[in-house]
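Participant: Sequence:
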Amino acid sequence: MPAVLQYVLIGLAVIALLGVVLEDVIHVNKAKVTLFLGTFSWVILYVFHAGTPEQAEAVSRGFEENVSEIASLWLFLVAAMTFVAYLNKKGMIENIIHLFMPKRIKERSLLFLTAIFCFVFSSLADNITATLVSVTLILSLNLSTKKTIRFATLVVFAVNSGGVALITGDVTTLMIFLDGKVDILDLMMLSAPAFVAVILLALLLSRGMKETVEISIKRNEVRSVDLLIGAAFLCTIISTIAANVLFNIPPVLMFLLGMATMFLIARFFDADEKEEQSILDYIRVIEFETLLFFLGILLLVGMLKEIEVLDSIVRMYEVLPPVIANFLMGVLSSAIDNVPLTAALLKAGIIMTEAEWLGLTYAVGVGGSLLVIGSAAGIVAMSKVNGLTFGSYARYSLVLLLVYTIGYIASMSMAQLVLS
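Reminder that position 84 of the sequence shown reads as 84 in the UniProt record's numbering, one-by-one numbering, no gaps.
Careful, some of the hints might be misleading.
Unchecked claim - Straight line, CA to CA, 16 Å or less: simulated EDC-like cross-link-like pairs of lysine to aspartate or glutamate:
#1 Lys103 with Glu211
#2 Lys106 with Glu211
#3 Lys347 with Asp179
#4 Lys305 with Glu69
#5 Lys147 with Glu107
#6 Lys89 with Glu287
#7 Lys89 with Glu221
#8 Lys147 with Glu214
#9 Lys90 with Glu221
#10 Lys347 with Glu107
#11 Lys103 with Glu214
#12 Lys32 with Glu287
#13 Lys181 with Glu354
#14 Lys90 with Asp281
#15 Lys181 with Glu69
Unchecked claim - The calculated label-pair distances, taken between Cβ atoms and stated as ranges, are:
#16 Ser239 with Leu5: 41 to 49 Å
#17 Val285 with Gln55: 38 to 46 Å
#18 Glu65 with Leu22: 28 to 36 Å
#19 Gln55 with Leu185: 39 to 47 Å
#20 Gly349 with Thr212: 37 to 45 Å
Calculated directly from the structure, the hints in this document are not laboratory data.
Glycine included, C-beta positions come from ideal geometry on N, C-alpha and C.
Build out the structure end to end from the sequences listed, making use of the hints.
Facilitator: As structure tokens, then:
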């Protein structure tokens, strides 16, 4: 490949990364930037690197593999996010929150309840939805700005931590699983160390929180068809795990089956025929901006793999032990979006044990919490909470680094102990 072409394509990837980091400065949506540059880079690759039949076949094969991997991820996320969009719109998620919340509670106790809720909910729902629901609850309490920022910091870390142990909770966990690096049951062992780290952070942030807050409890009316769809969602999650373990059925297939079941439940168990149409509308209200961003990023990473520039990432693993390299990748994911970082690591052909891949799963899933711009949860929280800025969040970076380190060490220790 001509060096000039390689530099041009690398430059496009760098521009895309800058577009993600500087989104709030340039006021151009990161999904638009990455999708344009991701598709444009492959067009350039086809035009200028497919001069011979062999080169053209290689480019076509690489693109087809790239799109196939993206399709599995996309369809899984569409199904999972459609479920959550429906349950959130019907108020079922809000009802579950208020089911466990008293009318009066100490701020310290509320902090721990928030940590537990975010951790559990984010393992079932996508991080964006989990963050939006949790932040809405926090803002309804009318706390001081300083305390609200503390709660928001905890939400970001807890949401990212809760998603690492289940493929429904975090995109990077799903990507590592779909690549065959970890087993679905072994992923669950990350729950304990991740939860300990979240509770430790709540303990550290609870200093000085002694006042009592009033919680306005509002119940939403839930119909029988909504309960059935909620049960279908839980059954889909459980059956996905069981089907993969017993029959090696891909999770995307089970979630598409679950989504189809949801549509049929709405059709046959709802007396209002209009609901048949509205249930399909929930596909349109999911976060397609996020999905398009993932699409653009993964196209760019696939292009970088095709031009063989990912070897530099492997060199870090040649110089450093995987345990240390994985930890540093987690820290790096706070500055570089963890989706392209994870995709690059998977494409680079790194050889590690399953225990080390589990350590990487925790690192890239939670490491983005170290900076507010390092994860989708942080960006969503920053857009909703007044006073939560890069600087105000960075005040807690040392505390976050401490609990991240403890969580990572605990994750690696447990994985090596169980899998050895």
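Participant: Against each hint, give a clear statement of whether it holds in the structure.
Facilitator: Status of the hints after comparison with the structure:
1. Lys103 with Glu211: holds (14 Å)
2. Lys106 with Glu211: holds (6 Å)
3. Lys347 with Asp179: holds (9 Å)
4. Lys305 with Glu69: holds (13 Å)
5. Lys147 with Glu107: Measuring from Cα to Cα gives roughly 9 Å; hence the hint holds.
6. Lys89 with Glu287: The given pair, whose Cα atoms are some 14 Å apart, holds under the 16 Å limit.
7. Lys89 with Glu221: holds (12 Å)
8. Lys147 with Glu214: Since the Cα atoms of Lys147 and Glu214 sit roughly 15 Å apart, the hinted pair holds (cutoff 16 Å).
9. Lys90 with Glu221: holds (8 Å)
10. Lys347 with Glu107: violated (45 Å)
11. Lys103 with Glu214: holds (6 Å)
12. Lys32 with Glu287: Holds, at about 14 Å.
13. Lys181 with Glu354: Answer holds: Lys181 to Glu354 is near 6 Å, not above 16 Å.
14. Lys90 with Asp281: The given pair, whose Cα atoms are some 13 Å apart, holds under the 16 Å limit.
15. Lys181 with Glu69: holds (15 Å)
16. Ser239 with Leu5: 41 to 49 Å: holds (47 Å)
17. Val285 with Gln55: 38 to 46 Å: holds (43 Å)
18. Glu65 with Leu22: 28 to 36 Å: Holds - the Cβ-Cβ distance for Glu65 and Leu22, about 31 Å, lies within 28 to 36 Å.
19. Gln55 with Leu185: 39 to 47 Å: Given a distance of about 43 Å, which is inside 39 to 47 Å, the answer is holds.
20. Gly349 with Thr212: 37 to 45 Å: violated (56 Å)
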